[in-house]
Structure formats: C-alpha cells, structure tokens
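K.L.:
The residues making up each chain are set out below.
There are 2 protein chains.
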Amino acid sequence: MMKYNELSKEQRDAELSALWEDMNAIKEKGLQLNMARGVPSPEQLALSKEMLNVLYAEADCTAEDGTDCRNYGVMDGIPECKRLMADVLGVTPDMVMIGGNSSLNMMFDTISCFMNHPVVPGNPAWSLIPDRKFLCPVPGYDRHFGVTGYFGFEMIPVMMDDNGPDMDKVEELIQDPSVKGMWCVPKYSNPTGISYSDEVVRRIAAMKPAAPDFRLMWDNAYCIHDLTDEHDEILNIFEECEKTGNVDMPIEFCSTSKITFPGSGVAAMAASENNMRVIKEKYQYQTIGYDKLNMLRHVRFFGDYEGMKAHMKKHAAVLKPRFDVVLSKLGTLEDTGAVWFNHPRGGYFVSVNVMDGTAKRVVALCKEAGVNLTGAGATYPYGNDPYDSNIRIAPSFPSLEELSSAMDVFCICARIAALEKMNALI
Amino acid sequence: MMKYNELSKEQRDAELSALWEDMNAIKEKGLQLNMARGVPSPEQLALSKEMLNVLYAEADCTAEDGTDCRNYGVMDGIPECKRLMADVLGVTPDMVMIGGNSSLNMMFDTISCFMNHPVVPGNPAWSLIPDRKFLCPVPGYDRHFGVTGYFGFEMIPVMMDDNGPDMDKVEELIQDPSVKGMWCVPKYSNPTGISYSDEVVRRIAAMKPAAPDFRLMWDNAYCIHDLTDEHDEILNIFEECEKTGNVDMPIEFCSTSKITFPGSGVAAMAASENNMRVIKEKYQYQTIGYDKLNMLRHVRFFGDYEGMKAHMKKHAAVLKPRFDVVLSKLGTLEDTGAVWFNHPRGGYFVSVNVMDGTAKRVVALCKEAGVNLTGAGATYPYGNDPYDSNIRIAPSFPSLEELSSAMDVFCICARIAALEKMNALI
Chain S
1 MMKYNELSKE QRDAELSALW EDMNAIKEKG LQLNMARGVP SPEQLALSKE MLNVLYAEAD
61 CTAEDGTDCR NYGVMDGIPE CKRLMADVLG VTPDMVMIGG NSSLNMMFDT ISCFMNHPVV
121 PGNPAWSLIP DRKFLCPVPG YDRHFGVTGY FGFEMIPVMM DDNGPDMDKV EELIQDPSVK
181 GMWCVPKYSN PTGISYSDEV VRRIAAMKPA APDFRLMWDN AYCIHDLTDE HDEILNIFEE
241 CEKTGNVDMP IEFCSTSKIT FPGSGVAAMA ASENNMRVIK EKYQYQTIGY DKLNMLRHVR
301 FFGDYEGMKA HMKKHAAVLK PRFDVVLSKL GTLEDTGAVW FNHPRGGYFV SVNVMDGTAK
361 RVVALCKEAG VNLTGAGATY PYGNDPYDSN IRIAPSFPSL EELSSAMDVF CICARIAALE
421 KMNALI
Chain D
1 MMKYNELSKE QRDAELSALW EDMNAIKEKG LQLNMARGVP SPEQLALSKE MLNVLYAEAD
61 CTAEDGTDCR NYGVMDGIPE CKRLMADVLG VTPDMVMIGG NSSLNMMFDT ISCFMNHPVV
121 PGNPAWSLIP DRKFLCPVPG YDRHFGVTGY FGFEMIPVMM DDNGPDMDKV EELIQDPSVK
181 GMWCVPKYSN PTGISYSDEV VRRIAAMKPA APDFRLMWDN AYCIHDLTDE HDEILNIFEE
241 CEKTGNVDMP IEFCSTSKIT FPGSGVAAMA ASENNMRVIK EKYQYQTIGY DKLNMLRHVR
301 FFGDYEGMKA HMKKHAAVLK PRFDVVLSKL GTLEDTGAVW FNHPRGGYFV SVNVMDGTAK
361 RVVALCKEAG VNLTGAGATY PYGNDPYDSN IRIAPSFPSL EELSSAMDVF CICARIAALE
421 KMNALI
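Taken in sequence, the protein lines are chains S and D.
Position 226, counted from 1, in the first sequence is what our numbering calls 226; the numbers after and before it change by one each time, with no gaps.
Position 127, counted from 1, in the second sequence is what our numbering calls 127; the numbers after and before it change by one each time, with no gaps.
Keep in mind that the hints were calculated from the coordinates and are not lab data.
Everything numeric in this text was worked out from a predicted model, so none of it was measured.
One or more hints might be untrue.
It does not matter which identical chain is used: a pair holds within one copy or between any two.
Below are the EDC-like pairs computed for lysine to aspartate or glutamate, each with C-alpha atoms no more than 20 Å apart in a straight line [claimed, not checked]:
no.	residue 1	residue 2
1	K49	D304
2	K282	D94
3	K320	D176
4	K280	D248
5	K49	D68
6	K282	D142
7	K49	D60
8	K243	E50
9	K280	D142
10	K133	E15
11	K282	E154
12	K208	D94
13	K3	E334
Can you build the whole structure from these sequences, using the hints too?
P.N.:
Set out below in structure tokens:
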C-alpha cells in the first residue's frame with residue numbers, strides 16, 4: 001500500500017469507494033463492540049475468584065496485630081495490608097494510608113482536602129486562590145481532569161512525548177504561584193502507554209515551583225501492570241525527591257482495581273510525614289476506617305508482594321494477545337501514513353493518533369459501524385484535543401475475536417476519515 | 001438507701017469511706033474493661049459469618065440488571081441494594097445512593113461537597129460564609145461534631161429532652177441565615193436513646209429557616225436497631241417534609257455497620273431530586289462506583305428487608321441482656337438521687353446524667369479502677385458539657401460478666417463523686 005499523501009485524487013476516490021463498500025457490509029452485521037474503557041475481561045476477573053472465599057475458608061478474620069477485622073477501627077489500614085501496598089508503591093509502610101475501593105476516590109479526597117485545609121500550614125487553602133491552576137500532561141486520563149475541573153482549577157495542557165511531559169514547558173509554568181500541582185501517570189501513562197524517562201523523573205523531582213504548596217499527583221496506576229518480562233522501570237519518585245529536598249511534593253496513589261476486582265479492590269496512597277499529617281487530620285473526621293475485611297482478603301489471597309507479582313503474570317497472559325491484535329491491525333495502516341501509534345509494554349491502552357482533524361470523525365464512523373470508542377478529545381482537559389487527532393483504544397475487555405472485528409472496523413474508519421480529509425484539504 | 005441530699009455530713013463521710021474501701025479492693029484486681037464505644041460484640045459479628053461465603057458459594061456475581069459486580073461501574077449502587085436500603089431508609093429506590101463502608105464518610109462527603117459547591121444553585125458555597133453555623137442537639141454524637149468542627153462551623157448546642165431537640169430554641173436559631181443545618185439522630189438518639197416525638201418531627205418538617213440552603217443531617221443510624229418487640233417508631237421525615245413543601249431540607253443516612261460488620265458494611269443516603277443532583281454531580285467525579293460485590297453480598301445474605309429485620313432480632317437477643325445489666329445496676333443508684341438515666345428501647349447507648357459537676361471525676365475514677373468510658377463532655381461540641389454531667393455508656397461490647405463488673409465500678413465511682421461534690425459544696 002502507498003502513502004496516502006502520494007495518491008492522486010483518482011486513487012483516493014477509488015480507495016474511498018472500496019472502503020465504503022466494506023463499511024456498508026459491516027454496518028449490516030449490526031456489531032456491538034466496545035473498546036471504550038480500560039476494563040478487565042471476565043477471564044481476568046476469574047483469576048481472583050478464590051479471593052472471595054479466603055476469609056470464610058480460614059474462618060478467622062484477625063489481623064496480625066490482633067485486630068478483629070470484622071469490627072470498627074484502624075484508620076490507616078491493617079499492618080499487613082500497609083506492608084503489601086507499600087511494596088507496590090515502593091515506599092515504607094509508615095508512609096502508607098489504605099483507603100476504600102478506589103484510588104480515584106483518594107485523589108478526589110486529597111484535592112478536596114487541600115481546597116479547604118492548606119497542605120502547607122500558613123498558606124491559603126486552594127479554594128481561596130481564584131485563578132488556581134493545575135498542569136495536565138496530554139493526552140492524559142479524563143477522570144483526573146474531571147476532578148480538577150470540578151474543583152474549579154484552570155487546567156493547563158502540557159504535551160507528552162515518549163519520555164513524559166515536556167519539562168521545559170513544565171519548568172516555565174510552575175513559575176506561576178497559582179499553579180498548584182500536576183497530574184502524572186508515570187508508568188504506562190494513560191493513554192499513551194509510555195513511561196517517564198529517568199531524566200524526566202529527575203527533572204520533576206528537582207522542580208522549584210513558585211507555590212510552596214505545589215503537589216504532584218503521582219498516580220502509579222499501572223506500576224506492576226507489565227505485559228511482558230521485558231518491561232519498563234521508572235525511578236522511585238520519593239527517592240529522587242529525597243535527594244532534591246522535595247519530599248513533600250509527591251503524593252503517590254495506586255489500587256488493586258486492575259489486580260483483583262475493579263470496584264472491589266483496595267486503594268492506597270503514600271506521602272511524606274508533613275503531607276500525611278494534613279491528610280490524616282481529615283481522615284480522622286471522615287472515617288472510622290476503611291474495609292479491613294477486604295484488606296485482609298487481599299493479603300490472604302496474595303500472601304505477599306511476590307504473590308501479587310505472580311498473579312500479574314496471569315493477567316499479562318490474558319492481555320498480551322489482545323494488545324498484539326490491536327498492534328498488528330494498526331500495523332496494516334502504517335504504510336498509509338494515516339496513523340501514528342505507540343507499542344506499550346504494559347498498562348491498559350494503545351494511544352492512536354489518526355490524521356489531524358479526523359479523530360472525531362473516526363469515532364463517529366466507528367459508532368455507526370457498532371464499535372464504541374472513548375470519545376475523541378476525552379484525553380484532553382475540557383475534551384479539547386487541539387489537533388483532533390488522539391484516540392484511546394482499550395483492548396482489555398473484548399474477546400480476541402471481537403477485538404479483531406472491532407479493529408478491522410477501526411482501520412477502515414481511520415482510512416476513510418484520512419482520505420476524506422485529504423480530499424477536503426486539497 | 002436514703003437520698004444523698006438527706007444525709008448528714010457524718011453519714012456522707014461514713015458512706016464515702018466504705019465506698020473507698022470497695023474502690024481500693026477493685027483497683028487491686030487490675031480490671032481492663034471497656035464501655036467506651038458502641039461496638040458490636042464478637043457474638044453479634046458471628047451472626048453474619050455466612051455473608052463472607054455467599055458470593056463464592058453461589059459462584060455468580062451478576063446483579064439483577066445483568067451488571068457484573070466484579071467489574072467497574074454503576075455509580076449509585078446495584079438496583080437490588082438500592083431497593084433494600086430504600087426500605088431501611090423509608091424512601092423509594094430512586095432517592096437512594098449507595099456508598100462505601102461508612103455513613104459517617106457519606107455525611108462528611110456531603111458537608112464537604114456543600115463547602116465548595118452550593119447545594120442551592122445561586123447561593124454562596126458554605127466555605128464562603130465566614131460565620132457559618134450548625135445546630136447540634138446535645139448530648140449528641142461526637143463524630144458528627146467532629147465533621148462540622150473540621151469544616152469550621154460554629155456549633156450551637158441545643159438541649160435535648162425526651163421528645164427530641166428543644167424546638168422553641170431551634171425555631172429561634174434558624175432565623176439566622178448563617179445557620180446552615182442541624183445534626184439529628186431521630187431514633188434511639190446517640191447517646192440519649194430517645195426517639196423524636198411526632199410533634200418534634202412535624203415541627204422540624206415545618207421549619208422555615210432563613211437560609212435557603214439549610215439542611216437536616218438526618219442520621220437514622222439506629223432505624224431498625226430495636227431491643228424489644230415493643231419499640232419506638234418515628235415519623236417519616238420525607239413524608240412530613242413533602243406535606244410542608246420542605247422536601248429539599250432533609251438528607252437521610254444509614255448503614256449496615258451495626259447490622260453486619262462495622263467497617264465492612266454498606267452505607268446509604270437518601271435525598272430529594274434537587275439535592276441528589278448536586279450530590280451526584282460530585283460523585284460522578286469522586287468515584288466510578290462503590291463496592292458492588294459487598295452490596296451483592298449483603299443482598300444475597302438478607303434476601304430482602306424482612307430478612308434483615310429477622311437478623312436484627314438476633315442482634316437484639318444478644319444486646320438486650322446487656323442493656324438489662326446496665327439498667328439494673330444503675331437502678332441501685334436511683335434512690336441516692338445521684339444519677340438520672342434513660343431506659344432506651346433500642347440503639348447502642350445508655351445515657352447517664354451523674355450529679356452536675358462530677359462527670360469528669362466519675363470517668364477519671366472509673367479509669368483508675370480499670371474501666372474505660374467515653375470521655376466526659378464528648379457528647380457536646382468542643383467536648384464542653386456545661387453541666388459536666390453526661391456520660392455515655394456503651395454496653396454492647398463486653399461480655400455480661402465483664403459488664404456486670406464494670407457497672408459495679410461505675411456505680412461506686414458515681415457515688416463517690418456525688419458525695420465528694422456535696423461535701424465540697426456544703
């Protein structure tokens with residue numbers, strides 16, 4: 001196949017009508033396929049079935065410190081769960097707070113906390129800063145942008161490349177004291193799948209923001225979500241910030257949502273002593289403690305961090321073939337020059353850049369053909385992708401057969417949109 | 001035994017030295033007993049053991065609408081759980097939002113929400129009202145006061161009597177537009193154990209607060225927590241508020257913490273459409289949905305509301321003898337005139353008023369003798385009981401034998417403190 005920009009008008013028109021024939025044939029099939037969200041498949045959920053039985057089978061719900069996990073108490077989590085999640089987060093257990101079922105909820109609660117209670121005592125709470133701003137590396141996670149949007153932050157997009165956010169731009173933007181933080185998914189970033197390079201992490205750790213209460217929302221959602229043995233490794237943000245005297249800057253989050261059961265997992269956060277003081281002051285009023293039976297269930301099921309990592313290999317065995325289908329189908333488009341995409345070694349997404357100005361059209365065409373994708377623009381604050389180019393593909397949920405069909409549809413739609421666009425431009 | 005205020009100085013001194021002999025004998029025993037918090041006993045927790053197995057045993061985690069409860073989604077709860085908790089709350093399922101493991105957390109989140117997002121659009125958010133105030137019927141629940149204290153409300157105590165809060169006072173106070181709400185535990189109030197009379201509920205429903213965004217935090221924590229078949233009934237707040245055109249005023253809360261497992265239960269709230277719009281706007285960013293497996297676990301375990309009520313009778317069978325011990329021991333003090341206490345027909349507490357100015361002394365004496373009580377004053381905002389008289393006794397956790405010993409200690413300490421006080425006064 002030739003590059004589309006080397007085709008004549010006649011060749012493009014011929015290609016377009018062939019593609020529309022394929023498209024119309026597909027529409028008649030009445031497909032209903034979904035590649036919209038990063039949701040584990042039933043095969044993956046089945047991997048954790050025994051966790052539902054482990055407390056009953058062992059007939060004892062006592063934590064290692066003697067706490068009856070069936071009763072009230074323990075605000076920051078039972079010790080064995082703090083230890084397990086500390087290993088996941090790469091910190092010491094004393095830095096960890098175990099939450100409910102969702103790291104998103106912990107992130108929301110953290111921003112919410114600082115809205116009314118200053119994270120650095122003596123500074124104004126964020127609700128008192130009328131022009132408060134947050135840095136949003138793009139493309140990024142729509143639910144992150146949802147949180148800061150809800151709390152009235154102006155969200156400033158910062159472009160990502162294969163190494164992470166554009167640090168020249170970040171270093172310039174943090175000179176503004178009303179810039180209060182930055183969202184980061186440092187490993188297998190949602191959606192681009194890239195991991196922050198060592199240089200980027202070091203530059204982040206070395207930042208000197210004008211705002212003393214600038215905070216990194218370090219969402220390590222995919223920290224152990226590798227697809228292959230050859231996987232990405234990122235520097236430990238707390239270790240790097242320790243070196244630069246910035247240990248109060250990062251707040252790290254993770255959960256077992258994509259390890260055991262999404263919505264019934266265990267979330268955790270890690271932060272410095274100063275940050276934890278403010279955060280735990282809040283939790284002291286917010287809760288008597290989160291679900292200790294679910295914490296115990298997780299610990300009993302995995303045993304320890306090694307057990308959890310072994311479990312992740314089972315997830316990888318289910319996920320890897322799905323990513324392979326997506327990547328091989330996208331590979332058939334490469335010659336056209338109509339798409340650019342990454343080859344992630346973990347995480348939940350393949351980020352595809354279709355021809356500028358066609359992402360919305362591709363998503364709409366896919367929808368007509370019965371394939372549901374994340375809305376174009378969703379990976380940008382305010383849903384505004386200035387290039388109308390980025391589409392997030394989530395390969396995890398459909399079966400391999402469904403995924404194959406869905407990707408065929410996607411490829412046809414991406415081609416159609418590209419050719420239409422070129423016809424319109426020229 | 002004679003009333004203490006009819007004793008001569010000599011008689012009081014003789015009584016005091018006899019009591020101190022008893023006290024010193026007790027101290028030598030080195031007791032370690034706890035009547036501090038309303039915590040179910042191991043016997044009660046065992047009643048729900050089968051709930052830990054029900055999902056595994058049935059090998060299917062699909063909600064009635066086809067939702068896979070092991071996966072992401074469903075922001076406001078699965079339909080069968082909304083229906084069950086709607087029955088508990090006395091509302092229709094469409095008014096219900098299911099939360100995480102704690103109604104306290106939902107109350108905190110509700111106040112937190114209104115701090116930055118006006119519950120009545122067009123009004124200033126509560127964080128913008130510098131002299132914001134909240135009405136706190138006293139004695140009341142320390143964790144309620146903790147929440148409004150944390151968010152900077154001035155907390156105005158309103159005395160409770162056997163029918164509920166002093167409504168003359170409430171009606172006067174709500175003329176101040178900076179009074180934004182009131183905490184209520186309408187049934188088996190924490191700690192007094194009384195239930196709001198029909199007249200009080202009707203007067204509450206008919207209130208015309210100066211603040212259009214005044215909200216009732218209607219914490220129906222003990223709504224089905226009856227000790228006997230002869231139990232209290234309260235009017236339905238939503239029905240009463242419907243009649244008075246005040247349906248946006250109440251927000252109701254409950255949980256299964258004292259029905260299944262505290263900390264691993266299911267919390268729920270109910271509110272009008274207008275309130276829910278604001279609250280769900282928040283939840284949409286705060287969570288992808290709470291723990292659906294735990295919701296399903298509860299529904300499968302109970303079947304329906306009738307099943308849950310049958311389960312509560314088993315709790316009552318464990319709790320009733322404990323309340324009987326407390327009440328019969330307190331009964332031995334009645335002739336002295338040194339205490340006044342209630343006879344609750346449900347809930348988790350017996351509220352005791354010792355002689356004015358002696359509550360702190362009684363709690364301290366009990367502690368010396370190895371009996372831990374809720375701190376004196378904890379039932380008042382800022383820990384400030386102006387009469388230093390109220391002590392909350394929580395009979396649920398200790399065994400009957402422990403409780404009997406603990407109450408013997410309590411009675412001795414209450415006598416000593418009363419006699420000391422009289423000697424000091426006269």
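K.L.:
Between K133 and E15, at a C-alpha cutoff of 20 Å, which is it: within one copy, between copies, both, or neither?
P.N.:
For K133 and E15, neither the intra-copy (47 Å) nor the inter-copy (70 Å) Cα distance is at most 20 Å.
K.L.:
Check K282 against E154 for me: Cα-Cα at most 20 Å, and say if that holds within a copy, between copies, both or neither.
P.N.:
So K282 and E154 pass the 20 Å test across copies only (18 Å; inside, 25 Å).
K.L.:
I want to check one pair: K320 and D176. Are their C-alpha atoms no more than 20 Å apart within a copy, between two copies, both, or neither?
P.N.:
neither (43 Å within a copy, 63 Å between copies)
K.L.:
With identical chains treated as interchangeable, where does the CA-CA distance between K243 and E50 reach 20 Å or less: within a copy, between copies, both, or neither?
P.N.:
neither (42 Å within a copy, 51 Å between copies)
K.L.:
Since the copies are identical, ignore which copy is meant and state whether K282 and D94 lie within 20 Å (CA to CA) inside a copy, between copies, both or neither.
P.N.:
Classified as within: same-chain Cα gap 17 Å, cross-chain 31 Å, threshold 20 Å.
K.L.:
Is the C-alpha distance from K282 to D142 at most 20 Å within one copy, between copies, in both cases, or in neither?
P.N.:
between (26 Å within a copy, 15 Å between copies)
K.L.:
My question is about K3 and E334: at a cut-off of 20 Å on alpha-carbon distance, are they close within one copy, between copies, both, or neither?
P.N.:
Intra 9 Å, inter 96 Å, cutoff 20 Å: intra-copy only.
K.L.:
For K280 and D142, with the copy left unspecified, which applies at a CA distance of at most 20 Å: within, between, both, or neither?
P.N.:
between (27 Å within a copy, 18 Å between copies)
K.L.:
At 20 Å max between alpha carbons, let me know whether K208 reaches D94 within a copy, between copies, both or neither.
P.N.:
neither (26 Å within a copy, 49 Å between copies)
K.L.:
For K49 and D68, with the copy left unspecified, which applies at a CA distance of at most 20 Å: within, between, both, or neither?
P.N.:
between (24 Å within a copy, 13 Å between copies)
K.L.:
One pair to classify: K49 and D304, alpha carbons no more than 20 Å apart. Within, between, both, or neither?
P.N.:
within (18 Å within a copy, 25 Å between copies)
K.L.:
Given identical chains, is K280 near D248, meaning Cα to Cα at most 20 Å, within a copy, between copies, both, or neither?
P.N.:
within (15 Å within a copy, 32 Å between copies)
Of the hints listed earlier, those the structure fails to meet are numbers 3, 8, 10 and 12, in rising order.
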